[in-house]
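Student: Listed here are the chains, written in short residue letters.
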Amino acid sequence: MTDSELAARCRQGDRQAQRRLYEQCADRLYRLLFRMTGNTDDAFDLAQESFVRAFERIGTFDGSASLATWVYRIAVNEGLQFLRRRRVAGRAAPRIATNEEAPAGPSLEDRLDVADALDQLPELERTLIVLRYFEERSYADMAETLGKPPGTIASGLNRARQMLLEILGPGPTTRS
Amino acid sequence: MGCQEFVEQLSAYVDGELSPPRRDALETHVRGCAECAARLDQLRALAARLDAWRAGTDVGAPTSLWSSVEQRLAAKMPTVDLATSVRPETARRVGFRRPFALAAGFALLIGTAVFIGLLLSHAEEAHADPIDYSLLLDGASTDIDAAIQRFVEHYHSATIPADEAHTAAPSLRFAVPPELPHGFRREAVYKLQFGETPGIAAVYRRDGEPLVAFFHRPVGHEEMGGHEHTGRYRSLPCVIDGRQGHQLEAGGWRLVHLTDPTTCHCVLSTLDPKTELPAIMRVVAP
Numbered sequence: 001m002t003d004s005e006l007a008a009r010c011r012q013g014d015r016q017a018q019r020r021l022y023e024q025c026a027d028r029l030y031r032l033l034f035r036m037t038g039n040t041d042d043a044f045d046l047a048q049e050s051f052v053r054a055f056e057r058i059g060t061f062d063g064s065a066s067l068a069t070w071v072y073r074i075a076v077n078e079g080l081q082f083l084r085r086r087r088v089a090g091r092a093a094p095r096i097a098t099n100e101e102a103p104a105g106p107s108l109e110d111r112l113d114v115a116d117a118l119d120q121l122p123e124l125e126r127t128l129i130v131l132r133y134f135e136e137r138s139y140a141d142m143a144e145t146l147g148k149p150p151g152t153i154a155s156g157l158n159r160a161r162q163m164l165l166e167i168l169g170p171g172p173t174t175r176s
Numbered sequence: 001m002g003c004q005e006f007v008e009q010l011s012a013y014v015d016g017e018l019s020p021p022r023r024d025a026l027e028t029h030v031r032g033c034a035e036c037a038a039r040l041d042q043l044r045a046l047a048a049r050l051d052a053w054r055a056g057t058d059v060g061a062p063t064s065l066w067s068s069v070e071q072r073l074a075a076k077m078p079t080v081d082l083a084t085s086v087r088p089e090t091a092r093r094v095g096f097r098r099p100f101a102l103a104a105g106f107a108l109l110i111g112t113a114v115f116i117g118l119l120l121s122h123a124e125e126a127h128a129d130p131i132d133y134s135l136l137l138d139g140a141s142t143d144i145d146a147a148i149q150r151f152v153e154h155y156h157s158a159t160i161p162a163d164e165a166h167t168a169a170p171s172l173r174f175a176v177p178p179e180l181p182h183g184f185r186r187e188a189v190y191k192l193q194f195g196e197t198p199g200i201a202a203v204y205r206r207d208g209e210p211l212v213a214f215f216h217r218p219v220g221h222e223e224m225g226g227h228e229h230t231g232r233y234r235s236l237p238c239v240i241d242g243r244q245g246h247q248l249e250a251g252g253w254r255l256v257h258l259t260d261p262t263t264c265h266c267v268l269s270t271l272d273p274k275t276e277l278p279a280i281m282r283v284v285a286p
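Heads up: the protein sequence lines correspond to chains S and Y, in order.
Position 39 of the first sequence, counted from 1, bears residue number 39 in my numbering, the numbering being contiguous throughout.
Position 143 of the second sequence, counted from 1, bears residue number 143 in my numbering, the numbering being contiguous throughout.
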């Protein structure tokens with residue numbers, strides 16, 4: 001089934017088709033929102049909201065990107081809006097990645113340091129770091145997803161990295 | 001090109017986003033500039049650290065996510081099973097031979113849908129049954145864990161995974177993260193039943209001391225939120241982060257609640273409502 005056919009069936013309310021699109025996107029979308037927000041509850045709510053919005057707006061899918069990418073972009077913007085609302089509300093982000101939540105990896109302390117540092121970034125910079133490092137999106141793709149010029153993406157990532165280095169410290173280098 | 005301009009390109013260089021001529025020029029510069037070389041090393045070390053963090057956040061969607069999406073869709077959009085829907089030629093034959101019967105049937109369907117919609121909306125507007133928090137507050141000062149157990153058992157509790165809490169009570173707005181400020185760690189999440197409406201309770205603990213967050217549909221518009229009380233508790237208004245709430249005190253324990261249009265958020269704890277509780281309420285009552 002092509003993306004256009006799948007989109008058409010979803011638009012008609014075909015639950016099997018909707019489930020099929022959901023299964024194509026769910027893991028990647030949830031993981032993105034978990035990394036953007038820092039906690040599972042917010043990621044769950046935003047993932048749910050993203051899918052509902054996608055199905056409501058599926059009539060606007062024009063085939064210029066894949067259907068999965070189209071849904072993913074909705075989720076990125078839902079996450080970005082959430083981070084803005086959280087900042088305006090003055091709320092601290094709940095901690096991410098305790099041993100209970102995350103699979104084996106770096107120490108809990110190190111995860112919390114990185115998580116804390118990410119929490120301190122403004123929402124655009126945090127989103128850029130998530131998209132670049134964790135989702136491996138190109139600058140062009142990020143520019144299209146966020147509706148910003150590529151130059152803004154480059155300078156935003158530069159700024160985000162500077163902030164993270166200031167928060168985390170430069171760390172060891174290989175040169176004397 | 002000055003050093004500062006090369007420094008600004010280091011980020012894009014690490015990302016592989018520089019054009020070949022710019023990349024070559026930067027690499028030539030870095031070979032001869034200790035400062036830029038050191039900066040490049042820092043960016044690579046940062047990348048390694050973020051990569052390591054990434055490994056710890058490789059999570060998949062919870063199994064309950066689809067059912068929660070489906071519930072929202074069912075409320076907004078009717079389901080269509082294209083495998084069993086009426087074939088076009090059959091519909092045309094019915095439409096051609098019995099136009100009035102078809103119109104009447106359609107009107108009946110619409111009328112029925114409106115009637116059911118009105119019933120459902122009335123049910124939606126109905127508030128939850130009053131909740132007897134004396135089950136919790138009586139005995140809180142002598143054995144708080146027994147009081148919590150008594151309360152959750154009285155309201156037909158079932159222990160559920162935390163990531164199913166929103167599915168269990170989809171109309172409520174709340175959060176039950178693994179950790180809360182001030183060192184509280186989540187111990188258990190329960191689905192409760194208050195009459196016809198579901199609620200959620202999440203038990204946290206810090207050094208053996210519990211903190212319980214309850215979420216349920218608002219039970220009324222009285223100042224007390226409809227919670228039953230017998231006058232044995234000190235009842236006070238309170239303000240948390242500019243939001244008007246109410247608290248009951250019993251033997252060092254406080255039951256503080258904040259109500260919004262969809263959810264009554266109640267927290268039972270020994271925390272100071274002015275200095276310690278706001279951070280908790282900000283998390284559990286978004």
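The set of hints was computed from the structure by calculation and includes no laboratory data.
There may be inaccurate statements among the hints.
[Said to hold, decoys possible] Here are the simulated distance ranges between beta carbons:
(1) S:LYS148 - Y:GLU249: 48 to 56 Å
(2) S:ARG19 - Y:GLU5: 45 to 53 Å
(3) S:LYS148 - Y:HIS182: 35 to 43 Å
[As the list claims (entries may be wrong)] Residues from chain Y that keep clear of chain S, each with C-beta distances beyond 12 Å, as calculated:
(4) VAL7
(5) SER11
(6) ASP15
(7) ASP51
(8) ARG72
(9) ASP132
(10) GLY139
(11) THR142
(12) ALA146
(13) HIS156
(14) ALA162
(15) GLU164
(16) ASP207
(17) ASP241
(18) ASP272
This structure is a prediction, so every number in the text was calculated from the model and none was measured.
C-beta: ideal position from N, C-alpha, C; glycine also.
Student: With reference to the structure, classify each hint as holding or not holding.
Tutor: Structure-based check of each hint:
For the hinted restraint 48 to 56 Å between S:LYS148 and Y:GLU249, the CB-CB distance of approximately 52 Å keeps it satisfied. The hinted window of 45 to 53 Å between S:ARG19 and Y:GLU5 holds, with their beta carbons roughly 51 Å apart. A beta carbon spacing of about 39 Å between S:LYS148 and Y:HIS182 agrees with the range 35 to 43 Å that was offered as a hint. Separation of Y:VAL7 from chain S is inadequate, the least Cβ-Cβ distance of about 9 Å not exceeding the 12 Å criterion.
With a closest Cβ-Cβ approach of about 4 Å to chain S, Y:SER11 is found to fall inside the 12 Å limit, against its non-interface label. At the 12 Å boundary, the C-beta of Y:ASP15 falls inside the reach of chain S, the nearest C-beta of that chain being 6 Å off. Annotated as non-interface, Y:ASP51 brings its C-beta within 12 Å of a C-beta of chain S; the closest such distance is 7 Å. A beta-carbon of chain S is positioned within 12 Å of the beta-carbon of Y:ARG72; the least distance is around 5 Å.
Even its closest Cβ contact with chain S, about 28 Å, leaves Y:ASP132 beyond 12 Å, as expected for a residue assigned away from the interface. At roughly 31 Å, the least C-beta separation between Y:GLY139 and chain S is larger than 12 Å, which holds for a residue marked as non-interface. With a least CB separation of 32 Å from chain S, Y:THR142 remains clear of the 12 Å interface cut-off, as annotated. With 12 Å as the threshold on Cβ separation, the claim that Y:ALA146 sits away from chain S holds: the shortest Cβ distance comes to roughly 27 Å.
At roughly 24 Å from the closest C-beta of chain S, the C-beta of Y:HIS156 stays outside 12 Å, upholding its exclusion from the interface. For Y:ALA162, the non-interface assignment is contradicted: its Cβ lies about 8 Å from the closest Cβ of chain S, within the 12 Å cut-off. Not every CB of chain S is more than 12 Å from the CB of Y:GLU164 (nearest about 10 Å), against its label as outside the interface. For Y:ASP207, the requirement that its beta carbon stay farther than 12 Å from each beta carbon of chain S is met, with the minimum near 17 Å.
Not every CB of chain S lies more than 12 Å from the CB of Y:ASP241, the least distance being 9 Å, so the non-interface label is violated. Here Y:ASP272 stays apart from chain S, with its beta-carbon at least about 18 Å from theirs, past the 12 Å limit.
Checked against the numbered hints listed earlier, the structure breaks hints 4, 5, 6, 7, 8, 14, 15 and 17; every other hint is satisfied.
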